[in-house]
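Enquirer: Got chain A; can you put chain B on it based on the hints?
Residues per chain are reported as follows:
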Amino acid sequence: MTVTPGGGAVPAPTQGSGNLYDVLELVLDRGLVIDAFVRVSLVGIELAKVDARVVVASVDTYLRFAEACNRLDLESGRKAPAQLPDVMERVTEGGAKGKSKGALSGAVEAFTDSLQKGRRDEIESGERPRRGKEERREREREPVERGAERRSSKEREEREEREE
Amino acid sequence: MSLYVYAITKASHPLRLDDLDGVGESHSELHVVRGDSLCAVVSEAPEDLSVARRDLEAHHAVQERLWSDGVSLPLGFGFVAQDEDAVRAVLEQGAEQYAQRLAELADRVEFNVKGVQDEDTLLRQIVEESDRIRELNEATREGRGSPEQRLELGQLVAAEVQSRQDALAAQIVAALRPLVYAESLSPPSEQYFVNASFLVDRGKSEEFTDSCGELTEQLPEGVELRLQGPLPPYSFA
Chain A
1 MTVTPGGGAV
11 PAPTQGSGNL
21 YDVLELVLDR
31 GLVIDAFVRV
41 SLVGIELAKV
51 DARVVVASVD
61 TYLRFAEACN
71 RLDLESGRKA
81 PAQLPDVMER
91 VTEGGAKGKS
101 KGALSGAVEA
111 FTDSLQKGRR
121 DEIESGERPR
131 RGKEERRERE
141 REPVERGAER
151 RSSKEREERE
161 EREE
Chain B
1 MSLYVYAITK
11 ASHPLRLDDL
21 DGVGESHSEL
31 HVVRGDSLCA
41 VVSEAPEDLS
51 VARRDLEAHH
61 AVQERLWSDG
71 VSLPLGFGFV
81 AQDEDAVRAV
91 LEQGAEQYAQ
101 RLAELADRVE
111 FNVKGVQDED
121 TLLRQIVEES
131 DRIRELNEAT
141 REGRGSPEQR
151 LELGQLVAAE
161 VQSRQDALAA
171 QIVAALRPLV
181 YAESLSPPSE
191 QYFVNASFLV
201 DRGKSEEFTD
211 SCGELTEQLP
221 EGVELRLQGP
231 LPPYSFA
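Chain order of the listed sequences is A and B.
Be aware that the first sequence starts at 1, since it is given in full-length UniProt numbering, and climbs by one per residue.
Be aware that the second sequence starts at 1, since it is given in full-length UniProt numbering, and climbs by one per residue.
Think of the hints as simulated: they come from the structure by calculation, not from any bench.
Predicted model only: the values in this text are computed from it and were never measured.
Hints are not guaranteed to be accurate.
Derived coverage of chain A by chain B (criterion: at least 3 residues anywhere in the stretch with Cβ under 8 Å from a Cβ of chain B; other residues may be distant) [as the list claims (entries may be wrong)]: (1) 23 to 36; (2) 56 to 65.
Some but not every residue of chain B turned toward chain A, in silico, with C-beta under 8 Å [said to hold, decoys possible]: (3) Arg-150; (4) Val-223; (5) Ser-235.
For each residue, glycine too, the CB sits at the ideal point set by N, CA and C.
The following block holds chain A by itself, in its conformation from the complex (with noise of 0.2 Å):
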């Protein structure tokens, strides 16, 4: 199953996971809200939507943003020619980190992740134990869990991978 938005005369935006997660996104932050009934994995809920939280101002995001410039390669198109070890340095970044957009789009990639982990171990059924870990990380991501503070997605991925 895949998730196509809506069906008609209008023709579907490009697939991706970041279209994924943008619908997903809709799934889990909108809907009607009844009081009556109560909703479950409420922590869950919050966790999933901490990828998309609200720009703060703050020192760490000027700190951030100062850093961001800093590296940024103002060389190109302009009459300075770059050196050796500007050039070095833009290779290794690039390919380090490819089209890194920050640590919050990291945790949203990490949630999109876990999202397509699901698809592809649905279809490679087979392969069992592939399918047992990321079992046990659901389980592990269940309110026990996630009773504690907020925890980002990266957070929580680096610390599973520290007890694996």
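Expert: Chain B alone, transformed into the frame defined by chain A:
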């Protein structure tokens, strides 16, 4: 037995649910709880509901089916009622309000527009266009400069980022507004500088999509608009 609740529809909705699976590992069967004038689509609440792809997609697939066959009010993900009586009580108590919403949503669809901007491209524009920022950037590169300079640089850049993105968001919403019946704007996040849902008359869907395409062409380099839809009216239920 507790019930996972998907959506509310009118009693006259065709409710073609046979080939759809409910949420949970066991893919429990969907069924209908009928009130006087309204229905609720439910399944047995699973023990293992999780905020992961499997269940989110199952929830979404039900909404898409209901919406393509008629009018429905999609519930948010994860609502569970104690039993059928609790569902019927909600249908009864909210009958007037829900009927009104359903009438308003008939023949309309939701489109969601998200804007993402490549950060490096934006920052490069900002640095190139402001003397003070460029000066501070040069002064603080490679670990040089004082913490105060670094902070000032960050503050100036953050303010520029925000004002440019706010202006872009306003431009996008203003361009689409004439085509829509209603709008629902989420506050900008680090991921999306604009995240807006629009309720659009079905007949105007194509025009709306075309306008988004035209709008994308007018936007500066590094800005991407992601259009999703037509969707069930998640943001207008």
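Enquirer: Each hint: holds or not?
Expert: Do the hints match the structure? See the list:
With a cut-off of 8 Å between beta carbons, the segment 23 to 36 of chain A has 12 residues touching chain B; three or more are needed, and the interface restraint holds. Counting residues of the segment 56 to 65 of chain A whose CB lies closer than 8 Å to any CB of chain B gives 7, so the stated coverage by that chain holds, three being the minimum. Residue-level restraint check for B/Arg-150 holds (minimum Cβ-Cβ distance to chain A is 5 Å; threshold 8 Å). With 8 Å as the threshold, the beta carbon of B/Val-223 stays out of range of chain A, its nearest partner Cβ sitting at about 13 Å, so the hint is violated.
The beta carbon of B/Ser-235 is positioned within 8 Å of a beta carbon in chain A (closest approach about 5 Å), and the interface hint is therefore held.
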